[in-house]
Amino acid sequence: MAGVTGTRVPPALDVATVRKEFALLSADRGGRPLAYLDSAASSQRPARVLDAMRSYEETTHANVHRGVYAVAEEATRRFEAARVATGRFIGAPVPDREVVFTKNATESLNLVAHTWGRRNLHAGDVVVLTEMEHHANVVPWLMLAEERGLELRWIPIDDHGFLVLDDLDRLVDGAGLVAVTAMSNVLGTLNPLAEIAEVAHAAGALVVADGAQSVPHLATDVTALGCDFIAFSAHKMLGPTGIGVLWGREALLADLPPFLGGGEMILDVRKDGFTPNDIPWRFEAGTPPIAEAIGLHAAIDYLGELGMDAVRAHEIDLTAYALDVLADRFGADITVYGPPAADERGGVISFTHRDIHPHDLSQVLDQHGVCIRAGHHCAKPLMRRLGVTATARASFGPYNDRTDVDRLADALDEAARFFA
Amino acid sequence: MAGLEDLYREIILDHYRSPRNRGELPSPPAHRVEGFNPLCGDEIVVSLQVEDGVLSDIKIGGSGCSISQSSASLMSAAVKGKPVDEVRELIGTFKAMMSIHEATLPRDGDGGDDHEDPSLDAAPVDVGSLGELAALQGVVKFPVRIKCATLSWNTLAQGLDEVAPA
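Taken in sequence, the protein lines are chains H and B.
Going by this note's numbering, 280 is the number at position 280 of the first sequence; the sequence numbering is gapless.
Going by this note's numbering, 42 is the number at position 42 of the second sequence; the sequence numbering is gapless.
Chain H on its own, in the form it takes in the complex:
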C-alpha cells in the first residue's frame, strides 16, 4: 500500500515482541503475568535500557566534564550524546545547547519558575494556568505568586475535559507566562498548544508546557508546538527514574541566571563572585545523573525504533477498545472522564464506579494482578472541578494490549461482585 500511495505507513506495533523486552511484564506471577496499567505514573524499562546503564557503569563510568583521561572523556562524550539525542527526539533546533538535564519534570518546571520567573515576574504580573494542570505545574507558580505577589488566572475546562479557549485573549492580556500541559495526566486531553502559544505570544507572554505525559506517547516537535519551554521525565518514557529534561529556546536560556549553585555550573569562582558557565551546563550544578542519561538515550533509541507514530496509533486503538469495553460492560456504573473520542486523547482513562471508591477498586484489582492508579493524581484543582476526591486511572504503554484491557474489565466485574 505504501508503494501504491507513495506515503510511508508506520509499521504496526508488535506488542508480543515489545513485551518480551520487559522482564516484569513477562514474569509468570502465579500463572498470569502482570497487567500493568499505570504507565502514566511510571513506565516499565526494557532490557536494553537496563543493559545500556549497566554496560556504562561497568566499562565507562567516570565523572563528566572533568577528567582528561580516556574513560572520563568517553563518559563525557556519551553523556553529551544523550543530550543531543534527547534534543533531536523533540525536534530541538539546537539540541546540544537547549536541553537541560534535571532530576525530573517537576524540577524542570521549578527551574523555569526560579530562573525565568524570578527574573521576569514582579508584583501584579500575571501567570495563566489551566484547571487540568498537574501539581508540578501549579505549585511552583503558587509559590512564586506568594513570594512576588503575582496574579494567577485559570483557563477553565468544559464537561468533556477540553480547555475553554473562547476567553483566551482576555485571560492572557497582560500576562507574562502561560503554563499549560500538553496532555492531561487525568483526562488524557491533548491540548492545542500551538493555538495557545500563538495567542500567548501575541499578548507578549511566554509558554511553558508540561510534556511529561505527551512526549512519551506522541511524536513531539517543539517548533511546531510553539512553546518556549517544555518539561518531561525519562521514567515515563521507558527510561530510568532520576533524570528529567527541560528544553528551552536557546536565546531564552542564554539570558537566564543559574538555577542551583555549585560545581559544573561555573566558568570561574573568586572570593568576591563567580562567572556562570555557558548553557546548558549553567543549570546543571553538581555531578549530573550520568548513567540515567545513558538510559534515557537507550529509551529514546528504542522509541525511535518502534516509531512514535506507531506507538500513538497503537495507543489510540487500545484506548478506543477500552472505552468501548467499559461502556458495554458497565454502562452507567462507570463514569469515564475526559474527551469521548480516543483520537482526541492520550492513553489515559480516568474513571469512577458508582458504588466503589477508587481506592477499593484498586485494592481488588491488585488481587487479580491488575495495576491501576487510584487517587487525586496530583491534580486536586481538577478533582474539585470534576466534583470528586479521587478517580481510578488506567494508562497504557507500548507493551499493553487488549488482553490487559479485558483483564481490567474482568477484575472490575469481580470488584463489583465483592462490594455488591
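There's no promise every hint is true.
Derived list of chain H stretches under chain B, where covered just means 3 residues or more per stretch with a C-beta under 8 Å from a C-beta of chain B [unchecked claim]:
{"id": "1", "stretch": "59-71"}
{"id": "2", "stretch": "187-195"}
{"id": "3", "stretch": "370-376"}
Here are some, though not all, of the chain B residues that point toward chain H, as calculated from beta-carbon distances under 7 Å [said to hold, decoys possible]:
{"id": "4", "residue": "N21"}
{"id": "5", "residue": "F36"}
{"id": "6", "residue": "E43"}
{"id": "7", "residue": "V45"}
{"id": "8", "residue": "Q49"}
{"id": "9", "residue": "G61"}
{"id": "10", "residue": "C65"}
Bear in mind the hints are in silico, worked out from the structure with no lab data behind them.
For every residue, glycine included, the Cβ atom is placed at its ideal position computed from N, Cα and C.
Following the hints, position chain B against chain H.
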C-alpha cells in the same frame, strides 16, 4: 499475599454501606475539624460536642474509601457518650493496633513473641478491649491502607486537643 477477606471484614462492609452518625453538627456550639489524606485525597469532617468532660455527640462527614469511612463510622459508635479521657485512651489503643507489625499478629501456634526486631517490642495492645474495632486489625497487612484507617482517629484527636486540651 494477604487476602481481601483480611481487609474487608463483614462488619467493615456493613459500616461502609450503612455509616453510623453520618452528618454534621451545627457549629457552634459543636466543634468542626477536617482531616485529609494527601496520598489519596480522602477527606473527613468530624463534628464533636464536648460537655462536662464527655464527648456527648459526634457526626462524621466527608468522603473516602471503605476503610476510611467504616473506620470513622466504627469510631463514632465507639466514642459517642464517653468521657474525653476514655476517648483519648481508645484513640491510643486503636493507633497502637494500627502500628503493630504484621509479623507479630497472632497466628495459629504462634504467640508472636519470638521476634528479634527490637522495634517490634512495642507495648502489648489489648485488642480485645477494642470490641468491633478489632475488625480493622487486618488493615495492617495492607500498609498503604493504614492511613485510611487512622484518618478519622487523628482528626478526632486533633479536634479534642482543640476543644479540651489534655
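Structure-based check of all given hints:
With a threshold of 8 Å between beta carbons, the proposed coverage of the stretch 59-71 of chain H by chain B is violated, since 0 of its residues qualify and at least three are required. Only when three residues or more bring their CB closer than 8 Å to a CB of chain B does the claim for the stretch 187-195 of chain H stand; here the count is 0, and the claim is violated. Residues of the stretch 370-376 of chain H with a Cβ under 8 Å from some Cβ of chain B number 3, which satisfies the need for three, so the listed coverage holds. Of the supplied interface hints, the one on B:N21 is violated, with its beta-carbon coming no nearer than about 19 Å to a beta-carbon of chain H, more than 7 Å.
With 7 Å as the threshold, the beta carbon of B:F36 stays out of range of chain H, its nearest partner Cβ sitting at about 9 Å, so the hint is violated. A distance limit of 7 Å between C-beta atoms decides the matter here; for B:E43 the minimum to chain H is near 6 Å, and the interface restraint holds. The beta carbon of B:V45 is not positioned within 7 Å of any beta carbon in chain H (closest approach about 12 Å), and the interface hint is therefore violated. With a cut of 7 Å, the hint placing B:Q49 at the interface with chain H is violated, because the nearest CB-to-CB distance is about 26 Å.
Interface restraint check: B:G61 against chain H, minimum CB-CB distance 12 Å, threshold 7 Å, status violated. With a cut of 7 Å, the hint placing B:C65 at the interface with chain H holds, because the nearest CB-to-CB distance is about 4 Å.
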